[in-house]
Each structure stands twice: as C-alpha cells, then as structure tokens.
Amino acid sequence: DIQMTQSPSSVSASVGDRVTITCRASQGVSSWLAWYQQRPGEAPKLLISSAFNLQSGVPSRFSGTGSGTDFALTISSLQPEDFATYFCQQADSFPITFGHGTRLE
Amino acid sequence: QVTLRESGPALVKPTQTLTLTCTFSGFSLKTSGMCVSWIRQPPGKALEWLALIDWDEEEYYSTSLKTRLTISKDTSKNQVVLTMTNVDPVDTGTYFCARTASGSAQFDHWGRGVLVTVSA
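As given, the protein sequences belong to chains A and B, one line each in that order.
For the first sequence, my numbering assigns the number 15 to the initial residue and increments by one for each residue that follows.
For the second sequence, my numbering assigns the number 755 to the initial residue and increments by one for each residue that follows.
By construction, these hints were calculated from the structure, which means they are not laboratory data.
Backbone N, C-alpha and C fix where the C-beta goes; we use that ideal spot for every residue, glycine too.
Careful, some of the hints might be misleading.
Unchecked claim - Below, simulated DSS-like cross-link-like pairs (lysine-lysine); rule was C-alpha separation at most 27 Å, straight line:
id : chain 1 : residue 1 : chain 2 : residue 2
1  : B       : K831      : A       : K59
2  : B       : K767      : A       : K59
3  : A       : K59       : B       : K827
Claimed, not checked - Interface residues of chain B toward chain A, partial, derived using beta-carbon atoms under 10 Å:
id : residue
4  : F781
5  : W803
6  : S818
7  : T821
8  : T824
9  : T846
10 : R866
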C-alpha cells in the first residue's frame with residue numbers, strides 16, 4: 015500500500031497568514047493527488063484534484079502543487095472559515111490511501 | 755444535483771455483521787467512469803478508505819479489511835451496499851459513502867455519514 019505522510023500534524027495560525035501543508039507519498043503517484051477540507055461534524059469537501067485543479071466554488075486562495083511523491087497545499091491568506099482539518103489522498107492505485115490529516119487551529 | 759445518503763444501524767454488537775446502504779441521486783452507476791466508495795473515520799481520527807465499486811461492477815477493497823468486506827450495487831434502486839462481517843469495537847466510527855466521476859478515484863461528492871458504534 016502507498017503510505018501518505020502529511021506534515022505538520024497541526025499548525026497554529028492567524029487570519030491573514032499564509033500556510034503550507036505538505037504531503038509525501040511512499041512511492042510516485044504521478045499527479046493523482048487530492049486535497050480535502052473537513053470541518054467538525056461535517057463530511058470532507060474536495061478542494062483540489064489531480065494535484066493542482068481547484069474545484070468549482072473553492073476560493074482562489076487555495077492552491078496545490080507537486081507531482082510524483084511530494085505535494086503541497088497552500089492557503090495564501092487564511093480566513094476564519096479555513097480553520098479545519100485537511101487531508102491528502104492518493105488516487106493513483108488501489109488501495110486508495112489518505113494522509114493522517116493536518117489540523118489548522 | 756448529486757446527493758448521497760448513508761443509512762444503517764447506529765449500534766451493532768461485536769461479532770455481528772454490519773450492513774450499510776448508500777442511496778444516491780443525480781447520477782447513474784451505469785455511466786462510464788462513475789464509482790461509489792465507502793470511507794470511515796473513527797472518532798477524532800483520520801479517514802480510512804474501505805471499498806469501491808465502479809460502473810463496470812469491478813470491486814476494490816482495503817488490504818487490511820478485504821476478508822471482511824463486500825460491496826455491491828443495485829443500479830435500479832440507485833444504491834450501494836457495504837457489508838462488514840465480524841465487527842469489533844475498533845470498527846466504531848462514522849461511515850461515509852462518496853462518489854468519484856471520470857474514474858479518477860477522487861471523491862467529489864460525499865454523504866453526511868452515519869455513526870456506527872460497536873458495543874456489547
């Protein structure tokens with residue numbers, strides 16, 4: 015199975031800050047990498063697919079980069095609604111695997 | 755409008771079989787590229803992918819759980835069913851179903867989830 019390692023596991027930040035979360039795959043996944051946001055008590059929401067494709071309706075302050083084994087999610091200027099947990103997920107091969115999450119607080 | 759809704763028991767006893775149903779609308783599992791997965795999340799923990807069934811009835815399973823899981827679909831009812839045998843308290847968590855389109859295995863629509871507790 016492909017292991018997905020996210021860092022940091024948690025990050026403290028303030029409104030207006032720029033935050034970057036990284037995700038490393040144990041083997042190459044090409045660009046088959048998705049990022050999700052999950053607020054407490056809610057289902058995850060797809061933010062970015064295929065490493066850098068911003069989903070419709072997702073603010074442009076979110077961006078994704080990377081390919082192969084190293085990926086990053088950047089929030090350019092944190093808004094109050096962005097304080098949540100973020101997960102990466104590889105979609106290159108089965109079994110599908112998720113990172114352990116980064117809590118933004 | 756794509757929607758998914760999970761249903762199933764809130765409480766299950768250890769060693770029993772858990773059956774969960776995902777009822778969806780706004781798309782067809784007969785359409786090429788469409789897939790439905792089950793994903794779970796223990797309280798306060800990470801997401802864990804469990805199983806996926808695609809438009810061509812191909813099935814894929816978690817390595818660690820594949821001996822206990824069966825995923826199936828009823829296209830006429832727009833439902834996907836997951837069964838998990840021999841449940842244990844560690845199987846407690848929220849179970850989500852989610853859709854992927856274009857066969858990319860990236861989940862663009864999710865249900866709200868159903869909380870399942872395994873306890874005697």
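Hint-by-hint comparison with the structure:
no. : hint              : in the structure
1   : K831/B with K59/A : 26 Å, holds
2   : K767/B with K59/A : 31 Å, violated
3   : K59/A with K827/B : 24 Å, holds
4   : F781              : 15 Å, violated
5   : W803              : 4 Å, holds
6   : S818              : 8 Å, holds
7   : T821              : 14 Å, violated
8   : T824              : 16 Å, violated
9   : T846              : 17 Å, violated
10  : R866              : 6 Å, holds
Checked against the numbered hints given earlier, this structure breaks hints 2, 4, 7, 8 and 9; the rest are met.
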